[in-house]
Amino acid sequence: MSLFRNIVFTAVVAGLLSGLLLTAMQSFSTIPLIMEAETFEGAGDPVAAGEGISATEPAALEAEEEAWMPADGAERLIYTAGANMLAGIGFGLVLLSIAEALGGIRGWRRGLLLGIAGFVTVSLAPGLGLPPELPGMPAAELGPRQVWWMATVISTGLALGLLVYSQSAGLAALAVVLLIAPHLVGAPLPVSHETAVPHELHARFVNAVYATNLVFWAVLGASAALLRERFRSGEDVVAEHSDRVAVR
Amino acid sequence: MTTKLASNIAVTSTSRTLSLSMSALLGLFVVGFVGFSHMDVVHNAAHDSRHSLAFPCH
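Heads up: the protein sequence lines correspond to chains A and B, in order.
Counted from 1, the first sequence has number 36 at position 36 by this note's numbering; the numbering is strictly sequential.
If you count the second sequence from 1, you need to add 1000 to reach this note's numbering.
One thing to keep in mind: the hints can contain errors.
Computed spacing ranges between beta-carbons, pair by pair [claimed, not checked]: (1) A:V191 <-> B:S1015: 31 to 41 angstroms; (2) B:H1058 <-> A:E235: 39 to 49 angstroms; (3) A:A140 <-> B:S1015: 38 to 48 angstroms; (4) B:S1021 <-> A:V176: 25 to 35 angstroms; (5) A:E200 <-> B:V1041: 32 to 42 angstroms; (6) A:L102 <-> B:F1033: 24 to 34 angstroms; (7) B:F1029 <-> A:Y165: 21 to 31 angstroms; (8) A:A169 <-> B:S1037: 39 to 49 angstroms; (9) B:G1032 <-> A:H183: 31 to 41 angstroms; (10) B:S1037 <-> A:E36: 25 to 35 angstroms; (11) B:S1037 <-> A:A181: 25 to 35 angstroms; (12) B:S1037 <-> A:S166: 31 to 41 angstroms; (13) A:I78 <-> B:S1015: 37 to 47 angstroms.
These are calculated hints, taken from the structure and not from any lab test.
Where is the CB? At the ideal position from N, CA and C, for every residue including glycine.
So that you can see chain B by itself, here it is in the shape it has in the complex (with noise of 0.2 angstroms):
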């Protein structure tokens, strides 16, 4: 019984930093596509985005 509890709770905190990971990492890789991708159509779509959020252009 106490091997399955605690094996239970583990898998809950794994599964969580999982998730967790996961979700900040596409968050960056989000914010990094408007952001900070050097390419040009990228670039000249998010252009008055990335100037308004102060983001380093050009």
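Next up, chain A with everything else stripped away, as it sits in the complex (with noise of 0.2 angstroms):
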């Protein structure tokens, strides 16, 4: 049970520190187009614009005013900074499992690269076919996105792992393929793409948000493996334990 405990504790403050760098960028790169954005929310939307407001629906509507939701500030930014550290210590989690199963992550360089190879697995792959959104953006139904979303990221995390990790030009062949397909089957997309949030806008959201992602996760791979080295108690005991019994 150390493995699992040392696992834990190193992604929670690797996942942390990552977090908090990555709230710190946000706050002066993609919050604020975020908050530009949401100003023009609603506006291509004949139903949110007020058109589609009639006597069948204030049920739903109120529904929807009644959810509660961080009051804008300090509050909200610190439920953001809440939800990536939780993002952060998730990530973690999964990374260093992985990489412990494959051998284990020995030095920020490793680190570092596995990182970037997370953030092409769990960012850019799945951004080629839904790129970023802002609020008030025009998107296929969420359903049918997120499950394309985990299919991109499985699909793109085995790719990558078996041109890394296998020998065989099989195997290759099926990394590139497996690379490759999400894009040939394509991403859910809107009816329309009409939106009243300005082409410049998303631009500039969609390179913040890859600018500010690599970072965090180049962050997140380097410290979890020097953190790693630090938090192994317990588990070297047993390793040395069974290798005497091997030798034996």
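Put the two chains together into one complex; each comes in its own frame, and the hints tell you how they fit.
This is the structure we're talking about:
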């Protein structure tokens, strides 16, 4: 159980660190753009703009209003920071578990590479089909998009793993197929791309998302690797023991 | 001795696999909660984070 405990501890510290850093970067890059986009939200949508409001819909509208949301300003930023740190911990747990199963991450350099692989898998690959969205932008049904996102992440992650850890040409070919397949299938697209959100605002947002996420993943990977070296208590005893038994 | 040796190694590797599966599952659960939960309250709290991490949102 010491392995589980140590991985959780490492992921928590690395996730808190990288999540905090991500929040700091977002506070002057993506978040102001989200706020700006929210001023356009609903402008291009006849239902939200008021035309669709009829006697049959007040219940739905009320329900939407009732759901709690953090107040703008410090409270909203604190919840964003919390969500970022949780995401960092979650991604860190998965990254460390996979790395450990494949032989461990020793040294920050290997951690950095794994983090960048995480960026390619979780940000870049799904972003090719579903670019980062601003509020108020048209999109297909949420469910199918989430399914496509997850399928793309799994398939890209498997592909990168196969490319790095297998020697066979057949498996490398399979990896290439896995890399491309989600994009041949195609992400679920909205019926119309019309939006009140300016293209220029969206372009700046996409750049900001990729830049901040790259730094986030790089720091998550490198710090997870550095911390993993430190938190190994209890594991080496077991390892040494089994080594000794094996030698005998 | 040989049997004990083999069983020892088997136990170590089983508990390793179990630990790693558990930590990976915990991670997936946390990411799923932050990025994919359909609950309005979770969505609203994680809103800016979801958009900035490019999770499918709304």
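Status of the hints after comparison with the structure:
The hint said 31 to 41 angstroms for the Cβ distance between V191 of chain A and S1015 of chain B, and at roughly 52 angstroms that hint is violated. Between H1058 of chain B and E235 of chain A the Cβ separation comes to about 43 angstroms, which falls inside the hinted range of 39 to 49 angstroms. About 44 angstroms separates the C-beta atoms of A140 of chain A and S1015 of chain B, a value consistent with the hinted range of 38 to 48 angstroms. Between S1021 of chain B and V176 of chain A the C-beta distance comes to about 28 angstroms, which sits within the given range of 25 to 35 angstroms.
Taking the beta carbon of each, E200 of chain A and V1041 of chain B are about 33 angstroms apart, inside 32 to 42 angstroms as hinted. Between L102 of chain A and F1033 of chain B the C-beta distance comes to about 26 angstroms, which sits within the given range of 24 to 34 angstroms. Between F1029 of chain B and Y165 of chain A the Cβ separation comes to about 26 angstroms, which falls inside the hinted range of 21 to 31 angstroms. Checking the proposed 39 to 49 angstroms range against A169 of chain A and S1037 of chain B shows it holds: the Cβ atoms sit about 42 angstroms from each other.
In this structure the hint that G1032 of chain B and H183 of chain A lie 31 to 41 angstroms apart at CB is violated, the actual value being about 24 angstroms. With their beta carbons about 26 angstroms apart, S1037 of chain B and E36 of chain A fall inside the hinted range of 25 to 35 angstroms. The beta-carbon spacing between S1037 of chain B and A181 of chain A, approximately 27 angstroms, falls within the hinted interval of 25 to 35 angstroms. Distance hint check: the CB atoms of S1037 of chain B and S166 of chain A are about 35 angstroms apart, consistent with the given range 31 to 41 angstroms.
Taking the beta carbon of each, I78 of chain A and S1015 of chain B are about 39 angstroms apart, inside 37 to 47 angstroms as hinted.
Checked against the numbered hints above, the structure breaks hints 1, 9 and satisfies the rest.
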